[in-house]
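Chains A, B and C, in that order, give the protein sequences. Taking the working numbering, the leading residue of the first sequence gets 3, the next gets one more, and so forth. Taking the working numbering, the leading residue of the second sequence gets 3, the next gets one more, and so forth. Taking the working numbering, the leading residue of the third sequence gets 3, the next gets one more, and so forth.
Keep in mind that the hints were calculated from the coordinates and are not lab data. Keep in mind that a hint or two might mislead.
Below, a list of computed lysine-lysine pairs in the DSBU-like style, where the Cα atoms sit at most 35 Å apart [what the hints assert, rightly or not]: (1) C:LYS71 - C:LYS157; (2) A:LYS304 - A:LYS73; (3) B:LYS141 - A:LYS73; (4) C:LYS221 - B:LYS141; (5) C:LYS270 - C:LYS195; (6) C:LYS195 - A:LYS30; (7) A:LYS247 - A:LYS270; (8) A:LYS329 - A:LYS207; (9) B:LYS71 - B:LYS329; (10) B:LYS221 - A:LYS125; (11) C:LYS304 - B:LYS304; (12) C:LYS71 - A:LYS116; (13) C:LYS221 - A:LYS304.
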Amino acid sequence: MAGSFCKGRFFSLFDYKTEKYIVAKNKKVGVLYRLFQLFVFGYIIGWVFISKKGYQETDEAIQSSVITKLKGVSITNTTESGLLVWGPEDYVIPPQGEAVLFVVTNFFETPNQKLGYCAESPKVLDGHCRDDKDCKKGKMVVAGHGGMSGRCLRKDENSTGTCEIYGWCPIEKTNRPQRPLLTNAENFTIYIKNFIKFPKFGFSKSNVLQTTDESYLRKCRYNEELHPYCPIFRLGDITRRAGFKFQDMDTFGGSIGIMIEWDCDLDKGDCHPRYYFTRLDISGCNKTLTTGFNFRHTRYFKNAAGESYRSLFKVYGVRFNIMVYGKAGAFSIVSTAISLAGGLALLGAGAFFCDLVLLYLIKKGEAYRERKFEGSR
Amino acid sequence: MAGSFCKGRFFSLFDYKTEKYIVAKNKKVGVLYRLFQLFVFGYIIGWVFISKKGYQETDEAIQSSVITKLKGVSITNTTESGLLVWGPEDYVIPPQGEAVLFVVTNFFETPNQKLGYCAESPKVLDGHCRDDKDCKKGKMVVAGHGGMSGRCLRKDENSTGTCEIYGWCPIEKTNRPQRPLLTNAENFTIYIKNFIKFPKFGFSKSNVLQTTDESYLRKCRYNEELHPYCPIFRLGDITRRAGFKFQDMDTFGGSIGIMIEWDCDLDKGDCHPRYYFTRLDISGCNKTLTTGFNFRHTRYFKNAAGESYRSLFKVYGVRFNIMVYGKAGAFSIVSTAISLAGGLALLGAGAFFCDLVLLYLIKKGEAYRERKFEGSR
Amino acid sequence: MAGSFCKGRFFSLFDYKTEKYIVAKNKKVGVLYRLFQLFVFGYIIGWVFISKKGYQETDEAIQSSVITKLKGVSITNTTESGLLVWGPEDYVIPPQGEAVLFVVTNFFETPNQKLGYCAESPKVLDGHCRDDKDCKKGKMVVAGHGGMSGRCLRKDENSTGTCEIYGWCPIEKTNRPQRPLLTNAENFTIYIKNFIKFPKFGFSKSNVLQTTDESYLRKCRYNEELHPYCPIFRLGDITRRAGFKFQDMDTFGGSIGIMIEWDCDLDKGDCHPRYYFTRLDISGCNKTLTTGFNFRHTRYFKNAAGESYRSLFKVYGVRFNIMVYGKAGAFSIVSTAISLAGGLALLGAGAFFCDLVLLYLIKKGEAYRERKFEGSR
Chain A
3 MAGSFCKGRF FSLFDYKTEK YIVAKNKKVG VLYRLFQLFV FGYIIGWVFI
53 SKKGYQETDE AIQSSVITKL KGVSITNTTE SGLLVWGPED YVIPPQGEAV
103 LFVVTNFFET PNQKLGYCAE SPKVLDGHCR DDKDCKKGKM VVAGHGGMSG
153 RCLRKDENST GTCEIYGWCP IEKTNRPQRP LLTNAENFTI YIKNFIKFPK
203 FGFSKSNVLQ TTDESYLRKC RYNEELHPYC PIFRLGDITR RAGFKFQDMD
253 TFGGSIGIMI EWDCDLDKGD CHPRYYFTRL DISGCNKTLT TGFNFRHTRY
303 FKNAAGESYR SLFKVYGVRF NIMVYGKAGA FSIVSTAISL AGGLALLGAG
353 AFFCDLVLLY LIKKGEAYRE RKFEGSR
Chain B
3 MAGSFCKGRF FSLFDYKTEK YIVAKNKKVG VLYRLFQLFV FGYIIGWVFI
53 SKKGYQETDE AIQSSVITKL KGVSITNTTE SGLLVWGPED YVIPPQGEAV
103 LFVVTNFFET PNQKLGYCAE SPKVLDGHCR DDKDCKKGKM VVAGHGGMSG
153 RCLRKDENST GTCEIYGWCP IEKTNRPQRP LLTNAENFTI YIKNFIKFPK
203 FGFSKSNVLQ TTDESYLRKC RYNEELHPYC PIFRLGDITR RAGFKFQDMD
253 TFGGSIGIMI EWDCDLDKGD CHPRYYFTRL DISGCNKTLT TGFNFRHTRY
303 FKNAAGESYR SLFKVYGVRF NIMVYGKAGA FSIVSTAISL AGGLALLGAG
353 AFFCDLVLLY LIKKGEAYRE RKFEGSR
Chain C
3 MAGSFCKGRF FSLFDYKTEK YIVAKNKKVG VLYRLFQLFV FGYIIGWVFI
53 SKKGYQETDE AIQSSVITKL KGVSITNTTE SGLLVWGPED YVIPPQGEAV
103 LFVVTNFFET PNQKLGYCAE SPKVLDGHCR DDKDCKKGKM VVAGHGGMSG
153 RCLRKDENST GTCEIYGWCP IEKTNRPQRP LLTNAENFTI YIKNFIKFPK
203 FGFSKSNVLQ TTDESYLRKC RYNEELHPYC PIFRLGDITR RAGFKFQDMD
253 TFGGSIGIMI EWDCDLDKGD CHPRYYFTRL DISGCNKTLT TGFNFRHTRY
303 FKNAAGESYR SLFKVYGVRF NIMVYGKAGA FSIVSTAISL AGGLALLGAG
353 AFFCDLVLLY LIKKGEAYRE RKFEGSR
């Protein structure tokens, strides 16, 4: 007896149990449910599988290396600096070819500054004075250029003057620049070498054509159709593609984002870089106070007597920020199963909703309720 | 006949089929299931929809541009360097206003180094010698300052000396600094201009007030309530908000993280920057050997004879690392459906668990099993 | 009556309703479904819970700070530069110890350049000329070194010459380098200090041993088993672990990625850094034109008369890019529930598939259909 019981148990283990359904011959709810089913299958096939490629395992941990190199030369002529030749070693800051780089398009040099005493710039609010008492000796001028000596320098007794300071003299005379000095910066070219790896799939690629023709990379220019693997861009073209003229930003400076997107479908072997350009410092077309980009840097010298003097450069220019992102996908049975199950779970939600309609919203609901719930009374 | 069969088939296609349930008049399991349902609905509404905003499509691929500018000036007086004025062009490294920047708070200058022969620093273990044989000519001193000349320089024959090296002489005399030299670095201000874009929604914003009042950004200071769009911070305030005194890190240096978070709900038009500050080089409050941040940089000069000499600066200071992250969300019907279905899937798990209780854990389980599984015997 | 009705309603609220199943005594489908169930439970336990740790809440927003410091010294001897000593302050660019750093292994100096007139380099295609008309005065030489003066410099009337330019003269004589000059760069060591924080869990850690033994970090070398918390690496070891010899990249330069991975299981208190090294500028082992890494930088001087002159350095070297990524996980009841429900949803998909087999693919399907769908006729 026990044996046959166990045997029965054992066999019933392999009996397939399937939910019992009752058929509600209600066309409205039936059509509603079928429509919902159609929608879900459409969603699974169209959205999850075709658009989102839910059958693929993806790797978003892209490893990327960016190297940049600029070419072009410009000559400027100013009263302060004389005739000056600017090569990439001068106008690219920092010069080491990073993914974030600044290209000088305008500058103002204050040469031969020495440590000493002179009047603070009248533009510094905290340096204004009417009296020596306003310039407390040793006090630093807030947002200014040095420490107060204790003297107030005025034209005459009734006017407002500025404190004398100890600092690098003469003080920089900043004026709003009128026009860019590196006039042909627009024609400089930037070579962007990007190398990516998707470690999960052991896949790596570069955005540069693997060629043995040495002269190709000297002469080519990027073109989406003709030269997609020649990553050399004219600066003027970059700003144009970002929706701006180079002239909009060469006087006061600006900031441009260069996005390189790698959206790789390794099943198809389809993995190409796409370039997007966007201006990063302006919203819409309203120019505001906060637009522009400049900073100061210095070159230090020593004279024969060992005294230090320096040239202070206020440089305006365009900052390029190269950002690489991407993902790679390849078929995976686990991803397929999860995507499928996730979609099918939606069917349950639809059945739940149709049940509510059937049992509570239509006239014969009470009858269906009794049939659906066996033993409810 | 075939027609009527097909017609039957066709109509039965639109019959709605709904699962048949049996009602188990067992209050314990019933209450258990209702509680579970309540929990799931609470979870869906409270967690998924209100807290996690599951009805929104999100964009986490934030594009960000950070520009920084420091203001403030300091004067130092040391025997090696004399009276020196430090402006942002000197104490910010690199000077180009990047998102990662270093502010000098302390330094040690070794001026007028020339290439030549001198004794290696006694601090370099590998440079110690008792004999000329310890200083093999041409060998580089590991972690030292130059190449050995072959001579061992000792006070007398019995003492331990250091090898003579060819290098930049005199060798830097490093001592543990006692106090910071840029004493008012705490009062320097940093202006952080951050511009973000969410490409999926075409939404962009800046953390700087769009004002026509030129003087606003000269005078304002950040204040969460009063001036949330004035991104100008005193360095001392930043370290204070990170939980440290500026004096904890101005002598030996340190590292501060400035996080800007944009958590944008575009449905409500609610998109504001929030600032978080954290010290990045210390855990808890235990100071260890590894704390501090310093590096060396040089300035090269040439004398009238064309010979090179240089100033070596060992600078200590605070590194600021500005990190921007964020996400934007906006209503999407697909996201709503997925979140809903995911939540409802939980109901199935609850029913599965209650079934187990009903069929196997309570006394009348056998009876329910027979009713639930039709035709099991 | 109404009271008893309501009471009935109220009690039926707590009746547990469970789906009615019909038992199909079909062993094939039964075994199929059981196998599927086994697969799903295996998937949930093995993949979701053990491999993916689905019971944990994770924090992927790792906050990281990287500081680097190099040690080592090298002496070079060239006709242009003479005997030169290179310390970290010279060969690390930029010197401030960032996560992206460049180590000079080879260089070519063009000393004493002055602004003036000289012949363009014959390597610049755009500077070639047969006639003064080819050198339009004031025109910039594309990818060249200056602006044309209007003269064509030729050996004799029939040969091709180069335009005279106004630029920094003499022009750099670039030749393909034959061998590296900083021969012992391989033995330089890099100290990588990484500090991470997982803000969600308030957990922070460093990759440096917290020791009071000052000499430990002077002498130790990284070793996965013996010294996992001594983050000091020989450059040669780094390239070797990336699968390349240092000699493969010291002449022309290269790019190495150093990945630090923190995969933390905070439940077990298991949180250690792991280091991975990969070459970022080469795919497979084919060397192409695009390999190598070099850039130019300058040092400016002024002579007694105030005239500027400069040294132009073309430096070749290895760029190290330190990338930190990681995640931390800790037990969370919500994550457990979601993972469980997601896995169980798969069961529904399996039942759906088995139903199709039972009802439409096996012989007795019609009979099962009638039993499953009550009232279908």
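Hint by hint, here is what the structure shows:
Between C:LYS71 and C:LYS157, the direct Cα distance comes to roughly 52 Å. Violation of the 35 Å bound is thereby established for this hinted pair. At roughly 32 Å between alpha-carbon atoms, A:LYS304 and A:LYS73 fall within 35 Å of each other, so this suggested pair holds. For a cut-off of 35 Å, the pair hint linking B:LYS141 to A:LYS73 is broken: about 41 Å separates their Cα positions. The hinted pair formed by C:LYS221 and B:LYS141 meets the criterion: a straight-line CA distance of about 19 Å does not exceed 35 Å.
As the CA atoms of C:LYS270 and C:LYS195 are separated by approximately 24 Å, the hinted pair is consistent with the 35 Å bound. For the hint linking C:LYS195 to A:LYS30, the alpha-carbon distance of about 68 Å lies beyond 35 Å, and the restraint is violated. Between the alpha carbons of A:LYS247 and A:LYS270 the distance comes to roughly 39 Å, so the proposed pair goes past 35 Å and is violated. A distance of roughly 13 Å separates the Cα atoms of A:LYS329 and A:LYS207; the hinted pair therefore holds under the 35 Å criterion.
Pair hint B:LYS71 plus B:LYS329 holds up; C-alpha atoms about 26 Å apart against a cutoff of 35 Å. Restraint check for B:LYS221 and A:LYS125: the C-alpha separation of about 13 Å stays at or below 35 Å, so the hint holds. Note on C:LYS304 and B:LYS304: the hinted pairing holds, with a Cα-Cα distance of about 8 Å set against a maximum of 35 Å. Restraint check for C:LYS71 and A:LYS116: the C-alpha separation of about 33 Å stays at or below 35 Å, so the hint holds.
A C-alpha spacing of about 39 Å is found between C:LYS221 and A:LYS304, which places the hinted pair above 35 Å, so the restraint is violated.
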